[in-house]
Amino acid sequence: MHHPVDAVMLSQRAASFTRRSLKADAKRTALRLAVSMVDLTTLEGADSPECARALCRRAIHPCPEPVTPAVPPVAAVCVYPRLVPVVREGLLGSAVKVASVSTAFPSGQSPLELRVQETAAAVAAGADEIDMVISRGAFLAGRLDDIRTEVMEVQDACQGAHLKIILETGELGTPDNIRRCADLVIDAATERGELRDGSVFVKTSTGKVSPAATMPSVLLLLESVRAHFRSTGLRLGVKPAGGIRKSKAALHLLVMVRETVGPDWLQPSLFRIGASSLLDDLVRQILWTSRGQYAAMHDVGVT
Amino acid sequence: MTDQDTAVADVNGLDWDYSPAPERTRPEIASTYGLFIDGVFQPAQDERTFVTTNPATGARLARVAQAGAADVDLAMQAAKNAARPWARLSGRQRGKYLFRLARRIQECARELAVLETMDGGKPIKESRDVDLPLVAAHFFYHAGWADKLEWAFQGRPVKPHGVCGQIIPWNFPLLMAAWKLAPALACGNTVVLKPAETTPLTALHLAQLLQEIDLPPGVVNIVTGDGETGAAVAAHPALSKLAFTGSTEVGKALMRQTASRDIPLTLELGGKSPHIIFADAAMEQAIEGVVNGIWFNQGHVCCAGSRLLVEESILEPFVAALRDRMAQLRVGDPLDKNTDIGAINSREQLERIRTLVRLGQEEGAILHDVQTGPLPGKGWWFPPCFFTGVQPSHVVAREEIFGPVLSVMSFRTPEEAIRRANSTPYGLAAGIWTDKGSKIFDMAQRLEAGVVWCNTYNQFDPASPFGGVKESGFGREGGLHGLRAYVRGVDR
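Residue numbers (the numbering used here), protein chains in the order written: chain C, 350 to 652; chain G, 6 to 497.
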């Protein structure tokens with residue numbers, strides 16, 4: 350079923366979440382909650398095993414000094430497939446998940462067989478979660494069956510690893526397209542049933558295209574997931590990624606989750622934030638609430 | 006570091022809720038306020054006063070002078086004396102005063118917003134983000150018109166009426182004062198303004214700003230009081246123009262009162278505005294439109310979309326989604342920045358809402374009310390709610406409730422939607438939700454309403470005229486149309 354979107358009112362509603370005022374306990378809890386939802390990400394050509402190991406250490410121990418209440422570890426570390434074995438080892442014994450981008454990230458411009466092979470290889474190397482991209486070109490050209498096929502084949506290659514489907518909302522052009530695309534990939538990923546809550550995520554962006562995770566685009570994904578929940582009872586996850594650098598932006602997202610899909614989604618198994626530098630700011634804000642002053646960047650951003 | 010490994014359990018999003026976020030700004034509220042006549046504050050001649058309270062707590066805020074006929078006479082004389090020099094001032098000079106006032110309002114915006122919330126009960130979120138920005142915008146907009154009136158009414162001499170009586174309601178106290186004052190002053194009129202009895206404070210603080218910007222004495226006079234005061238304004242022989250916003254009942258009385266005199270009248274009265282949702286609408290946004298349409302300002306909005314007409318094929322999911330959304334609304338302390346729905350303006354209004362809701366239930370409509378938490382113990386409160394199973398003949402489908410109460414009905418064809426929408430004595434506003442442009446134009450032409458919003462609701466702008474048809478009144482406020490009401494010899 351087609352769900353039209355009105356862009357003006359969508360933006361207005363998305364902006365309304367940014368006007369909530371989070372103080373005291375609400376803020377303290379939200380900052381930690383946000384930390385627990387971070388997919389700590391590095392997706393650079395120059396990524397080295399050493400910097401991946403540093404990232405793992407930070408993922409498990411985000412805060413450089415003990416604070417009360419304690420700061421939880423992040424949800425996952427997200428890297429290119431080649432670094433999966435290093436991250437697997439670096440996270441050993443922790444609850445932090447290993448996530449790997451796949452399917453010729455970020456453009457998805459390679460033959461489907463290769464994208465499927467890449468996914469299988471990442472899973473075999475130890476990835477718990479796969480972040481796939483879709484062929485935006487195929488979607489924009491109206492070849493919707495191509496999208497269905499690639500989502501289902503990559504899902505098969507996941508062998509039970511959780512799947513996050515990146516729409517690259519910044520390339521889809523209109524809110525209508527974003528909603529239609531979210532509905533489409535959700536439909537494809539859930540077609541064969543037998544899914545558990547949170548085993549499939551829809552994700553806004555690769556982080557390589559601007560605009561990325563804008564408030565309206567995340568709202569569209571949440572609404573699509575909500576519609577699926579209302580008709581099937583299955584809770585799918587949502588992951589905004591790209592351009593979320595400050596705590597305030599993360600808190601706005603949590604407010605939007607709470608008031609759109611409800612507090613059930615306020616856990617890392619159903620909501621993630623893909624980011625590289627956000628964690629630094631979250632930790633600075635947390636240290637501010639305990640120290641009463643801001644920590645220097647070199648105190649927190651040790652990677 | 007080991008304690009951090011077990012920290013996951015401590016973060017629980019399920020229980021996460023917003024902590025109280027009270028607005029800290031406190032405006033200075035005097036213990037007593039006089040009438041603002043001829044540029045100075047003065048007590049009523051018979052020294053009568055009344056008390057204005059905070060509807061969220063019931064606490065007394067201040068004593069305010071109750072203007073009698075003698076005081077109204079003084080105010081009218083002051084306005085009459087000021088009329089000629091004010092009208093002779095160049096448009097550019099009048100515009101300067103309005104610009105100065107607009108800027109001063111922006112400087113004091115937070116204090117005025119808090120005061121508006123304390124005296125009227127509306128959430129600070131709304132007074133801060135809607136009322137005050139619009140108040141300033143109205144003065145800025147009309148400041149721009151003041152020296153361009155010859156272009157607004159080309160080929161005709163632009164002459165003000167003289168003394169304007171303006172009687173305003175309690176739902177948007179300062180905003181309604183701005184809607185009335187700005188065009189009147191821009192066109193060279195002087196004013197006697199009568200604020201509502203329950204919400205006089207922001208108008209009186211506005212008077213302080215008028216002193217600060219050195220507005221010539223007598224150009225604006227503010228007489229506080231009840232219906233008697235308003236009646237004295239309308240009856241005064243020096244009056245040359247009357248503008249009223251409020252109930253249809255009082256509007257009719259004013260029309261009778263001025264019928265025998267040559268006094269141009271503008272009335273902005275009640276409404277029971279239809280909000281029409283087609284099956285092809287952007288549903289998630291339509292829900293937001295409905296929420297904004299009926300639960301904005303506790304439903305104390307003359308153009309509130311209080312009759313919801315939903316296409317039958319989507320009625321069930323729409324009502325379910327609306328219920329979910331309604332449960333998200335936060336009712337409580339209006340000074341909390343996260344409050345969505347504040348206090349009901351007065352005990353009388355609360356009683357009226359209760360009576361009508363009871364009647365609705367007795368007539369067989371089904372009440373849906375999601376209790377999100379206990380209502381505060383003191384003050385006047387009514388939770389947001391809606392009725393389904395409403396027949397067009399039910400009281401809740403016909404009478405203006407002026408509270409957070411929505412009546413939901415259904416329709417099958419555009420014809421039926423139009424018929425039901427127009428089946429009311431009122432004609433203030435209407436809303437249409439459809440993704441199909443041709444349907445919007447067709448419906449908008451056939452709806453009997455002064456304002457038709459398409460795929461949105463409750464959008465206001467000083468450049469956009471606002472006003473009703475049928476028993477919702479006549480005359481427009483805002484835009485070029487709004488200026489006409491304050492210029493002599495120009496048809497409204």
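Be careful, since some hints might not be right.
For lysine to any residue, the following SDA-like pairs were computed, each having C-alpha atoms within a straight-line distance of at most 20 Å [stated by the list, open to error]:
#: 1; chain 1: G; residue 1: K383; chain 2: G; residue 2: W21
#: 2; chain 1: G; residue 1: K85; chain 2: G; residue 2: V163
#: 3; chain 1: G; residue 1: K342; chain 2: C; residue 2: S365
#: 4; chain 1: C; residue 1: K372; chain 2: C; residue 2: N526
#: 5; chain 1: G; residue 1: K342; chain 2: C; residue 2: T367
#: 6; chain 1: G; residue 1: K441; chain 2: G; residue 2: R417
#: 7; chain 1: G; residue 1: K441; chain 2: C; residue 2: V357
#: 8; chain 1: C; residue 1: K372; chain 2: G; residue 2: W21
#: 9; chain 1: C; residue 1: K376; chain 2: G; residue 2: K85
#: 10; chain 1: G; residue 1: K441; chain 2: C; residue 2: N526
#: 11; chain 1: G; residue 1: K85; chain 2: G; residue 2: R417
#: 12; chain 1: G; residue 1: K342; chain 2: C; residue 2: V357
#: 13; chain 1: C; residue 1: K376; chain 2: G; residue 2: S24
These are calculated hints, taken from the structure and not from any lab test. Computed from a predicted structure; not experimentally measured.
- Hint check against the structure, violated hint numbers in rising order: 1, 4, 9, 11, 12
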